[in-house]
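Number of protein chains: 2
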Amino acid sequence: MLEGPAGGNPFVEVSLSAEFRKGRRVFVPEGFYDGEGVYKVRFMPDEEGVWRYRTKSNKRELRGVTGEFLCTSARAGNHGPVSVRNRHHFGYADGQAYWPVGTTCYGWALKTAVKKRQTIASLRRSPFNKIRMIVMPFAGSRTRLFPFPGKSREDWDFSRFDPRFFHNYERCLRQLMALGIEADVIFFHPYDKGRYGFDMVPHSVNIRFLRYCIARFGAFRHVWWSIANEFDFLRTRKMSEWDSFGRAIAKHDPYGKLCSIHNGALMYNNQQPWITHASIQNGSAVADFGRARIYRDCFRKPVIYDEVCYEGNLRVRWGNLSGEEMTHRFWQGYIAGTYVGHSESWRKGLKRDSSWLGSGGKLEGKSWRRMGFLRRIMEEGPQEGIGPVDGDDMCVGGIRGRYYVVYFGWEKPGRWKVDLPRGVPDGARCRIDIIDTWDMKVKPVRGVITLKTKGRYHVVGANGEVIRLPRRPFMAIRIRILD
Amino acid sequence: MLEGPAGGNPFVEVSLSAEFRKGRRVFVPEGFYDGEGVYKVRFMPDEEGVWRYRTKSNKRELRGVTGEFLCTSARAGNHGPVSVRNRHHFGYADGQAYWPVGTTCYGWALKTAVKKRQTIASLRRSPFNKIRMIVMPFAGSRTRLFPFPGKSREDWDFSRFDPRFFHNYERCLRQLMALGIEADVIFFHPYDKGRYGFDMVPHSVNIRFLRYCIARFGAFRHVWWSIANEFDFLRTRKMSEWDSFGRAIAKHDPYGKLCSIHNGALMYNNQQPWITHASIQNGSAVADFGRARIYRDCFRKPVIYDEVCYEGNLRVRWGNLSGEEMTHRFWQGYIAGTYVGHSESWRKGLKRDSSWLGSGGKLEGKSWRRMGFLRRIMEEGPQEGIGPVDGDDMCVGGIRGRYYVVYFGWEKPGRWKVDLPRGVPDGARCRIDIIDTWDMKVKPVRGVITLKTKGRYHVVGANGEVIRLPRRPFMAIRIRILD
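In the order they appear, the protein sequences are chains A and B.
Just so we're aligned, residue 1 is where the first sequence starts under the working numbering, counting upward by one.
Just so we're aligned, residue 1001 is where the second sequence starts under the working numbering, counting upward by one.
In isolation and in its complexed conformation, chain A is listed as follows:
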């Protein structure tokens, strides 16, 4: 925290950054003006020990301020930032695997204090470790705080920011951090609908907004960048502008945090280097077998299906999944080596502001608890993450020769003859569990089963073992190869 000029327009007239150094490690995050003559530079060290810093600025009083601090070891529960690991998966900086089990509450940070408390309480009880949330207010957000000074679309001052808006947003971010929930912060969206005109600001203001957000939020270890929600529905922006937002983030974020862009109907080129993982809207991709893995194969990055329609009772089909279907989609994503996002949208009389998706509040669906069960299964599985094990066995995910999950979806089999794709040596032994993904139960099959190759493509039980199943949907089989 530094004191500096409060006059003029510090947001555009004052440049500030600081070089943080420890041995050969150097980070140069930008600082920001926090109002009332106060300037800040935030920094997230990535190594224990003494860090030295020195500020840079075009203003004399902010320039050349030096100091040092000791970065101590992380507190319990702080695993550091999440990054991509093993091409299609994620891990914390301390080495622990991170399994994205996310939900979406676009506007929760813009709501009343009561509603925010309710949301945080819901999240605390929930299995979610990731949340998608919007920065820019949207038509239905009913907020009285705005990122720019002003009261309505007639009088915004786009040359400044309103620090009060960001103070509130950061309080919300800190609450999520305390819960161990990653914040997937969405910069732009197409939901202004003429209300505030925030989707019509000049490109240069958008870039300044991105830099200000990065300077403020970038040092929060749990923050991810989502360039936009349904980017292609924001018809005021060209594809070249989306690319330039991505490049700006890559340039100004000193940490290379996770960064994605969420599509509407048009798929972004997720091979762009500033994109760390594909954030995809496509419910049908996880509604049936063999689809989810294709995005993974095309983009060769982690895939999170951040919008697959929502559990709820709206008339629109994007908001009327049953809890069963929502849970089914999470499992489809899992066996394909991808991840799925949750939300809920409920119709309740005339009050439109009542659903978890837009506002947070209470979780009322049936699926959210089941995500916790899936998260447990993920955590019990291989720490490097699973994926498709064979091109032609669409209902099996795993790691060849080690671990398999066979998932039956809406089918109701009464039995499953032990049958895995090739890749397990003859004589290997395995333990098998029957998983009821809906009742959230794991039932071990007694004993150990020996496997043998059958023909060119199959591995079966040496004695033709058959597992009895209860003729209910949403059953899965977990096979762990021993030795």
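Heads up, a few of these hints could be off.
Said to hold, decoys possible - In the BS3-like style, the derived pairs of lysine-lysine whose C-alpha atoms are separated by at most 25 Å in a straight line are:
1. B/1238 <-> A/301
2. B/1040 <-> B/1059
3. B/1454 <-> A/348
Unchecked claim - Reference excerpt, derived from the structure (chain B facing chain A, CB under 7 Å, subset only):
4. 1269
5. 1290
6. 1294
What the hints assert, rightly or not - Cβ pair distances, simulated, as ranges:
7. A/59 <-> B/1266: 48 to 58 Å
8. B/1046 <-> A/383: 51 to 61 Å
9. A/87 <-> B/1197: 30 to 40 Å
10. B/1269 <-> A/240: 18 to 28 Å
11. B/1164 <-> A/240: 48 to 58 Å
12. A/174 <-> B/1480: 51 to 61 Å
13. B/1431 <-> A/426: 55 to 65 Å
14. A/84 <-> B/1273: 17 to 27 Å
15. B/1087 <-> A/87: 27 to 37 Å
16. B/1316 <-> A/194: 53 to 63 Å
17. B/1452 <-> A/203: 43 to 53 Å
18. A/179 <-> B/1392: 28 to 38 Å
It is worth saying that the hints were derived from the structure and are not from the lab.
Given the structure is predicted, the values throughout are model-derived calculations rather than measurements.
Just so it is clear, CB atoms sit at the ideal spot from N, CA and C, and this is done for glycine as well.
Place chain B on chain A using the hints.
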């Protein structure tokens, strides 16, 4: 044709190109040495009228040769080269739509004269208008002609080419041209298996080979470039080399011909600018609904599933599709706005060289005739090509509001209640045909049906019309909106 130096090594010592000019239009194709002191520069003009040329060379006798010729109008049946049209589809230069209905005969051009005649006779009877064929001999190709002078892997002279090899290949290309069949020429492949060592030559030789092929084949209007078959199975090459092959093609092909690279297990980044369309191996992508379109959405280019397993009776699963399944996969591709490739592989005693896939010869499967029927349906449909019309109706392709094909695959419905995705105005009238994709019959439904919107997502018959179907698999419904 020019005469020039025959001594030394003309393949590396002589550079030759010619500038062809008509008004502001300029092309500068490279020439090539054809042996025995003969040099050639081939050119494919793209406009009628007088073209002037002037050669360039590092050899005095080949330099500054000028001349002109009159490009007359195209002969009947010559529609010019094919290029991408309407993002996901293809068209000839004269404006006619091109519907890829392709087959694969990797090695047919390397076979005996008898076998080649047989292949050409089969193609003449077939509906195929595209063929994938390899340039570099492969382990089982049993050829006595090689692109490099020499007899075995011990004595190839990689600094030269053997024009006789290319003369044969070009005769084959010309025969295809006469049949109106596009030649998808595959430069590299992983099937050498230590036989010739052609997969181990230095990068610079590969680049020279590409340039020589482009100089020789580039002026053939029906030639496409396929950088490799199953590129990732060729483990001697790094990804950066594949990229550099693509860049070399883009640089040396003055016409910007169609160019793709065919994958094994690893998907190439088909967003690279030198890739005009995705050439994909993935049988499961077209084995069921909702998969094929995903590649299309990711790459935003035409998608040709050039390998979806083959009709045949091999023990390996890539070679034992039934004719029904092969045909089914073509239709799955079609309703997704993509295209599928055919081939056949039959086991016949010990003679390994007998299958259409590797050698050509006779078509013996059941599916190839059905591709002709599908091609007729394509040709009767909208000339700009069709695609998925709605995110959630995976069995329907078409153009919203104009044309729909509902395909039932392996299902055996006894009836179909008229039901289309939203996007047809109330009161629109349509004609409906019942298509039996296996029996190759179109049966019009009598009369005209009026449509009306039902709810948010459906358009149905105004009187709840129901179409009776014969409870057989592979049925489709074609709906053409009138007015």
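We went through each hint and held it up to the structure:
no., hint, verdict
1, B/1238 <-> A/301, "holds (19 Å)"
2, B/1040 <-> B/1059, "holds (14 Å)"
3, B/1454 <-> A/348, "holds (24 Å)"
4, 1269, "holds (5 Å)"
5, 1290, "holds (5 Å)"
6, 1294, "holds (4 Å)"
7, A/59 <-> B/1266: 48 to 58 Å, "holds (53 Å)"
8, B/1046 <-> A/383: 51 to 61 Å, "holds (58 Å)"
9, A/87 <-> B/1197: 30 to 40 Å, "holds (32 Å)"
10, B/1269 <-> A/240: 18 to 28 Å, "holds (20 Å)"
11, B/1164 <-> A/240: 48 to 58 Å, "holds (51 Å)"
12, A/174 <-> B/1480: 51 to 61 Å, "holds (60 Å)"
13, B/1431 <-> A/426: 55 to 65 Å, "holds (60 Å)"
14, A/84 <-> B/1273: 17 to 27 Å, "holds (25 Å)"
15, B/1087 <-> A/87: 27 to 37 Å, "holds (29 Å)"
16, B/1316 <-> A/194: 53 to 63 Å, "holds (60 Å)"
17, B/1452 <-> A/203: 43 to 53 Å, "holds (45 Å)"
18, A/179 <-> B/1392: 28 to 38 Å, "holds (35 Å)"
When the structure is compared with the earlier hints, no violation turns up for any of them.
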